[in-house]
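Visitor: Throw the hints in and build the complete structure from the sequences for me.
Now for the letters of each chain:
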Amino acid sequence: MQLFKTLRLATRDYQHEWKTSICFVLGLSAVLGPMMVLYGLKVGIIGGMFNQLIENPINREIRPVSSGRYERAWLGALHRRDDVTFVVPHTRNIAAMIELQSQRASRIIKAETIPSDHGDPLLDPIRVTPTGLHAVVLSRSAANKLKVDVGDTISGSIKRRYRDQSERVHIDLKIIGIAPLESFARDGVFADLRLVEALEDFRDGHAVPALGWTGDVVTGERTYPGFRLYARSIYDVENLERLLNEAGIDVRTRSTQIALVVKMERNLNAIYWLIALIGLVGFALSLGASLWANIDHKRKELSVLRLVGFRTGDIIWFPMIQAFYTAVLGTLLAVGLFQGVAWLINDLLGQQLSNGEPVCILYQEHYIAAAVLTIVTALISAILAGIRAARIEPSDGLREL
Amino acid sequence: MTAEANPISIYQIRNLLLDRESQGVSFRLAVPSLQIRQGEKIALIGESGCGKSTLLDILAFIAQPTESDGFLFHPEELDVGVHIDYHWRKRNLNQLGDLRKKHIGYVMQTGGLLPYLNVRDNMNLSRHVLHQEDDGSVEQLAMQLGIARHLNKLPETLSTGERQRVAIGRALAHNPSIVIADEPTASVDPFAAEKIMSLFISLAEARNITVIVASHAWQHVNKLGLRRLSHHTQRSSDGRTTETIVNG
Ligand SMILES: Nc1ncnc2c1ncn2[C@@H]1O[C@H](COP(=O)(O)OP(=O)(O)OP(=O)(O)O)[C@@H](O)[C@H]1O
Ligand SMILES: [Mg+2]
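Protein chains in written order, with my numbering: chain D, 1 to 401; chain P, 1001 to 1248.
Because the hints were derived from the structure by calculation, they are not lab data.
Hints may contain errors.
[What the hints assert, rightly or not] Not close to chain D: a few residues of chain P, all C-beta gaps over 10 Å, as computed:
#1 Ser-1033
#2 Gly-1039
#3 Glu-1047
#4 His-1128
#5 Gly-1146
#6 Gly-1161
#7 Asp-1189
#8 His-1231
#9 Ser-1236
#10 Arg-1240
[To be verified] Selected chain D positions facing chain P (in silico; Cβ < 10 Å):
#11 Gln-2
#12 Leu-3
#13 Ser-303
#14 Val-304
#15 Thr-312
[To be verified] Residues of chain D placed beyond 12 Å of chain P at every Cβ, according to the derived structure:
#16 Gly-215
#17 Ile-258
#18 Ala-270
#19 Ala-284
#20 Leu-379
These figures come from a predicted structure and were not determined experimentally.
Backbone N, C-alpha and C fix where the C-beta goes; we use that ideal spot for every residue, glycine too.
Guide: What follows is the structure in structure tokens.
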């Protein structure tokens, strides 16, 4: 095999004919560069939308619409499913209201208590879990109104009518964290389920021995009117929704919005690949045709190679090697073009279009895919030229000129 | 077999025919008998269109004869002769190519240098294909041809005569048994042509290389002591068929 020698000669020829080579490379990057920008926009914009969808746990939330009677065991079974990351029972909403007061602010605010537990997606960003009857996480808005911060202690109070008498109890609550605004916009208190249950018990006239609150003694299995459920990912929401519907539970989810973005991504992908396919075929045809025509131009030189003993199998590689160079250099130039344009787009449009996320971006795997696709296409379009080059006989060039 | 009877003949051809036909005009080259011995210097002199290039192509295994009773090629490096007619019939083009690259140097009329290689690499082309080491012989050859100072230049920066000398150097560099040259000096002036030709012949003589040259130029053929192949060309009265018969 003279492959190494063919490589050397094809390389020298490619350098020597640098004007032609530059034209090939420019032609390629003129097709590939805009295609990369287009794809970068798709990745940036749709990816940004997806990130927001994925990152915001609200999109994974599944809420029962009306109250039911859910047992712990049933909720536990739900929790063990792979497509459920978090589920915690919820008490009646009205029963969960609590009045809060701090020493720093004069006003008393009414807040909802929200049962929480380990792995609560709403508290994920701050990584704290309220445990016990005296530790809570406040929502941002509640913390602002009470002018308190982490480490402060506030006082919570609830009242009930019990045996025709109005009763009020107080409980000290230590603030162990403040949930971000995105997690909960209203005034809210994230608390251990036991605390939320205690508040409900007190309201219902039951005794809460742990807090020294008196009342009737309850027996029997506790049931819950609601629950807080979060799917593992936005893709699991639809299935879980169907499952719960089949069990006779009406739920509210963001599945329509999710489906919309997923559908939009799919459509944009289809459009992009259509454009890319047309561009790629166009590039393959144009490169193939110019390489093919270039063989005429090189007929004499190639026949000299045949004359000095290069075999047909060696000559095939001549245009293939040059196409490979064109593909590699063209891809590099296109990447350079892309990065320049992407920088411009992100700089000019970035602030207007999104919250700091790049509008036009490609990741490593996209660059690799672009290079591989281009090189393979170039090699395929060079095959015909290669076969044509290999057909050249030693005598072909001898009589010319 | 004839090859064993006369071992010093590098070419032995019997009753070879090559027919060419294009647009109603036909050309036939007939070689009833041709023997060329190792080290011989052969000149093919004849009018334009008589078939000189065609015969050289046959001898360089580039053109396929239409038919032949025998075409034996036996350079001294080989123990037995090779039946070229057999390889043509089998279309063993790569074998013919291998024979050509090992045993034959070819000087093209227009040089046939690769524009992207410098003079040194052009002269080394056949040597590299044959995996021959760089042993300084190319530099020596360049010196003898008077082109040593151009070794690192590209062909496009050389004069026609210099390019022709590079082409001769390339044909000689890998020490072939035969060098075939088709009008190697047609594109230079007569004075330069004579100088280049005598340089070529003396270099070939020193290496005991068989030389076969086609040329229009009569005068220095005799001076250089080449053997002229006798040939006879006849045209039909309407000029549509030409037949050349070569013997030697
Ligand atoms: N490819 C071809 N197809 C058909 N006929 C050809 C071809 N090449 C050459 N011929 C014919 O063969 C004949 C011999 O051509 P050839 O090239 O051998 O002549 P030549 O003696 O080398 O001439 P010159 O001195 O001009 O180079 C000519 O009549 C030519 O027209
Ligand atoms: Mg000729």
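Visitor: Each hint should be assessed against the structure and marked as holding or not.
Guide: Against the structure, the hints come out as follows:
no.: 1; hint: Ser-1033; result: 25 Å, holds
no.: 2; hint: Gly-1039; result: 23 Å, holds
no.: 3; hint: Glu-1047; result: 18 Å, holds
no.: 4; hint: His-1128; result: 6 Å, violated
no.: 5; hint: Gly-1146; result: 23 Å, holds
no.: 6; hint: Gly-1161; result: 17 Å, holds
no.: 7; hint: Asp-1189; result: 19 Å, holds
no.: 8; hint: His-1231; result: 20 Å, holds
no.: 9; hint: Ser-1236; result: 25 Å, holds
no.: 10; hint: Arg-1240; result: 22 Å, holds
no.: 11; hint: Gln-2; result: 6 Å, holds
no.: 12; hint: Leu-3; result: 12 Å, violated
no.: 13; hint: Ser-303; result: 8 Å, holds
no.: 14; hint: Val-304; result: 5 Å, holds
no.: 15; hint: Thr-312; result: 7 Å, holds
no.: 16; hint: Gly-215; result: 99 Å, holds
no.: 17; hint: Ile-258; result: 59 Å, holds
no.: 18; hint: Ala-270; result: 45 Å, holds
no.: 19; hint: Ala-284; result: 26 Å, holds
no.: 20; hint: Leu-379; result: 22 Å, holds
Of the hints listed earlier, those the structure fails to meet are numbers 4, 12, in rising order.
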